[in-house]
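Got chain A; can you put chain B on it based on the hints?
Here is what each chain is made of, one letter per residue.
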Amino acid sequence: MRKYAVVYRSVLMENIQYAANIAMGFFNYFVFIFIFIKLWEYMYRTPGELIAGYTKEQMIWYVMMTEMILFGSNAGSVAGEAAGDIRSGNIAYLINKPYHYTLYLLTKYTGEWSIRLPMYAALAAVIGRVMVGPVPGFRLTAVWAMALCVILGLTINAVFKLCISLISFWIEDATPFQWLYDKLILVVGVIFPVEIFPKTLQPLFKLTPIYTVCYGPAKLIVDFSREKCLEILAAQLLYLAAGGGLMFLIYRKGAKKLYVNGG
Amino acid sequence: MQAIRVENLSKTFRVRKKEKGMAGSFKAVLHPQTEEIRAVDGVSFAVEEGEMLAFIGPNGAGKSTTIKMLTGILYPDGGRIEVLGVDPTKKRRQLAYLIGTVFGQKEQLWTHLTPYDNFRFSGAVYDLSERETEERIEELSERFELGGFINTPVRNLSLGQRIRCEIVASLIHKPKVLFLDEPTIGLDPVVKENIRLLIMQMNREEHTTIFLTSHDVGDIEKLCRRIIIVNAGQIVLDDSVEHLKRRYPDKRAEKMQTFESPAGHVEPSAIPLEEIIMEIYKSEGRDVSP
Numbered sequence: 001m002r003k004y005a006v007v008y009r010s011v012l013m014e015n016i017q018y019a020a021n022i023a024m025g026f027f028n029y030f031v032f033i034f035i036f037i038k039l040w041e042y043m044y045r046t047p048g049e050l051i052a053g054y055t056k057e058q059m060i061w062y063v064m065m066t067e068m069i070l071f072g073s074n075a076g077s078v079a080g081e082a083a084g085d086i087r088s089g090n091i092a093y094l095i096n097k098p099y100h101y102t103l104y105l106l107t108k109y110t111g112e113w114s115i116r117l118p119m120y121a122a123l124a125a126v127i128g129r130v131m132v133g134p135v136p137g138f139r140l141t142a143v144w145a146m147a148l149c150v151i152l153g154l155t156i157n158a159v160f161k162l163c164i165s166l167i168s169f170w171i172e173d174a175t176p177f178q179w180l181y182d183k184l185i186l187v188v189g190v191i192f193p194v195e196i197f198p199k200t201l202q203p204l205f206k207l208t209p210i211y212t213v214c215y216g217p218a219k220l221i222v223d224f225s226r227e228k229c230l231e232i233l234a235a236q237l238l239y240l241a242a243g244g245g246l247m248f249l250i251y252r253k254g255a256k257k258l259y260v261n262g263g
Numbered sequence: 001m002q003a004i005r006v007e008n009l010s011k012t013f014r015v016r017k018k019e020k021g022m023a024g025s026f027k028a029v030l031h032p033q034t035e036e037i038r039a040v041d042g043v044s045f046a047v048e049e050g051e052m053l054a055f056i057g058p059n060g061a062g063k064s065t066t067i068k069m070l071t072g073i074l075y076p077d078g079g080r081i082e083v084l085g086v087d088p089t090k091k092r093r094q095l096a097y098l099i100g101t102v103f104g105q106k107e108q109l110w111t112h113l114t115p116y117d118n119f120r121f122s123g124a125v126y127d128l129s130e131r132e133t134e135e136r137i138e139e140l141s142e143r144f145e146l147g148g149f150i151n152t153p154v155r156n157l158s159l160g161q162r163i164r165c166e167i168v169a170s171l172i173h174k175p176k177v178l179f180l181d182e183p184t185i186g187l188d189p190v191v192k193e194n195i196r197l198l199i200m201q202m203n204r205e206e207h208t209t210i211f212l213t214s215h216d217v218g219d220i221e222k223l224c225r226r227i228i229i230v231n232a233g234q235i236v237l238d239d240s241v242e243h244l245k246r247r248y249p250d251k252r253a254e255k256m257q258t259f260e261s262p263a264g265h266v267e268p269s270a271i272p273l274e275e276i277i278m279e280i281y282k283s284e285g286r287d288v289s290p
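Chains A and B, in that order, are what the protein sequence lines are. Going by my numbering, the first sequence opens with residue 1, and the numbers climb by one from there. Going by my numbering, the second sequence opens with residue 1, and the numbers climb by one from there.
This is chain B alone, in the form it adopts within the complex:
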């Protein structure tokens, strides 16, 4: 069954334009000028339940705008969205009970409260009973090893500890889909690896669908089987990570080497995934599907 279905999604922003200097400022007041930016342009894809998908692209590609439309924060200009059968534009609050969100660059916890108080707060917000909340806190704090700092105010936690707490807070209501927007940003390699393992474990044990955006290729390689690359508001590639690594070098034969085994099979490329992704980013919106 599909957890997310998106058809021909589009979103245009109107951005104010101003010429430089004081004269430009006055002119902008008297004759305001705007420019239309097509942030998302006819995007269509589907994500199966329990799938771990990397939705990536360069800065300004439209990935965060897409996530914000999927989670009901932004209203699309066109197209259709269904997340777990719910239209986020019509039933945002109903959808909120089914999904979880983690924004690595944004603190969602109350910094002056302890993680425990934050989790109790999340439990109440998602209408869990006291007992359900307590049980879930116990289960998640054990799994995410929060015991040592669950009663320390969030403002005193390290970034890695905070991100673990952010993820736990977003999981308190057992969401079926988890949107992770750069969950490992700024973390050291050991903590990154730890977070990835926890996400994988959660996907395996709770069958949670993971929708991940990240600039860290390690996150993508370790967590996701499928990758969607967006650029200039359009999907330029939708493929499995494995297939991309095997097939993409064929298209870039002049620059990169493909390795054929004696049996004639195309072996996974020795070219790092990061380089392949960079090449695709440079395509600036052209379809590069192998």
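Only chain A is shown next, with the shape it has when bound in the complex:
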């Protein structure tokens, strides 16, 4: 484990130099959130109105939290970098080290979001407090549970994105699959909570990673309950086990098919 801790520390040291660059993305986040605040203010015509069981404040905080997860977790290392490594042959210089390539990438990714996410969380808290007000019914004592769900959600997202990247061992370009996955997560989970979709589709969505990646953690933040928390944590652990197993399997099969240009 020590080697992964050192990878994590090295990524932190590397990324801390780019804190100012990360802050440049705050403008995009603000514009995005501003549009959604105005959109939902228009949709909620009367005070106290509920849409899909969410108050206006809850709905806006929900979007702010999912966008915070999305902006704060930039999955470059498990998406573009992994697929690029395989396509370019750069993976050859990484897999002959005494660590597991997939765990190495997941650790790098964790190091990256460890800088980004707190920055975006602080920004979201400020924008939310100023433009929307406090999260209704927010329980400070449950912050650890919310944080745990967010971290697990980020990790599950990375595992699935890495699985897609590893398909590059067989196909030329995994980007279209990444795009499909990203858009699925974006539309069904980030912009709208699952409850907004027809009731017949909701059980289906809850079976997908969407439930564990962003919907679950954001739902907990805006509407925390102990039962919901345990349900989401259980689903996340199941997804993590299944996704992790799939990731190791794809990698093991793919590494044997590795084609690297000579020199």
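The reader is advised that the hints may include incorrect statements.
Derived lysine to any residue pairs resembling SDA-like cross-links, with alpha carbons at most 20 Å apart [as the list claims (entries may be wrong)]: (1) 90/B / 101/A; (2) 91/B / 248/A; (3) 253/A / 33/B; (4) 222/B / 193/B; (5) 256/A / 15/B; (6) 256/A / 136/B; (7) 176/B / 104/A; (8) 90/B / 171/A; (9) 17/B / 171/A; (10) 106/B / 104/A; (11) 91/B / 99/A; (12) 106/B / 249/A; (13) 91/B / 258/A; (14) 97/A / 136/B; (15) 91/B / 101/A; (16) 256/A / 207/B; (17) 257/A / 77/B; (18) 91/B / 94/A; (19) 91/B / 255/A; (20) 256/A / 10/B; (21) 222/B / 204/B; (22) 97/A / 10/B; (23) 256/A / 87/B; (24) 253/A / 91/B; (25) 91/B / 48/A; (26) 17/B / 186/A; (27) 222/B / 274/B; (28) 106/B / 87/A.
Covered, in the sense of this in silico footprint (three residues per stretch, anywhere, with C-beta under 8 Å from a C-beta of chain A), are these stretches of chain B [to be verified]: (29) 88-97; (30) 103-111.
If you're looking for bench data, these hints aren't it; they were derived computationally from the structure. Ideal Cβ placement from N, Cα and C applies to all residues, glycine included.
Frame of chain A, contents of chain B only:
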């Protein structure tokens, strides 16, 4: 004792073929065609512990593919490999602790970190304790004279300084075999010579087996006693550098001169090694052993 043993090693790549133009692109989607390229074809050799071997060949000869199979990066289609008694196809991670790799054309260091942080990172990756890592960094930075830039981010180093750091990073865990893939590429003659001296010193003091590929004849002449030349995936020559220089001109008598001393001994040829190697490259896979 043998550090590396390779028997009848082979590797075939399947490469996609596409006819030219847009029509060719559509055709390739509907009826994908592939071509098999035999990158390594029945290669066998052994390297003794502490030996410095030059494994060379023209571009596309199969030398890098062979190195990648020896280091566990690629899986062979056939044959057997043992590096320090370990089969790279089965125990890649175990092998990683025993070997070091330097790819001159590829940065393996974290460019935004300093060499010192990179070495600490390497030490942790190879499960060295903090104390062992610190001691090894001190020892190697003294030997490789890194003191002046060990705390400068790698991205700000010159190529020669970076290559020295790459070699140190690959030596941090005291590997028994070091694979050097064009370690002096792009370096000026003075830095090249410096790197060669350091490699020789390391071989002498730590008895490290060196497996070198290089297009620079100077690397081969200065470092290696033995040379293996591959072409078209096959070994075309496996000989000592000295013997090659003495004997090869005999086979090329029409083009090159051999010099016989009054006592009848064949003197080392005046023909540069580079020319001899070029002639052998042109053999395109035929055995040219003297």
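For a quick check of understanding: which of the numbered hints are violated here, in increasing order? 3, 6, 7, 8, 12, 16, 22, 25, 26
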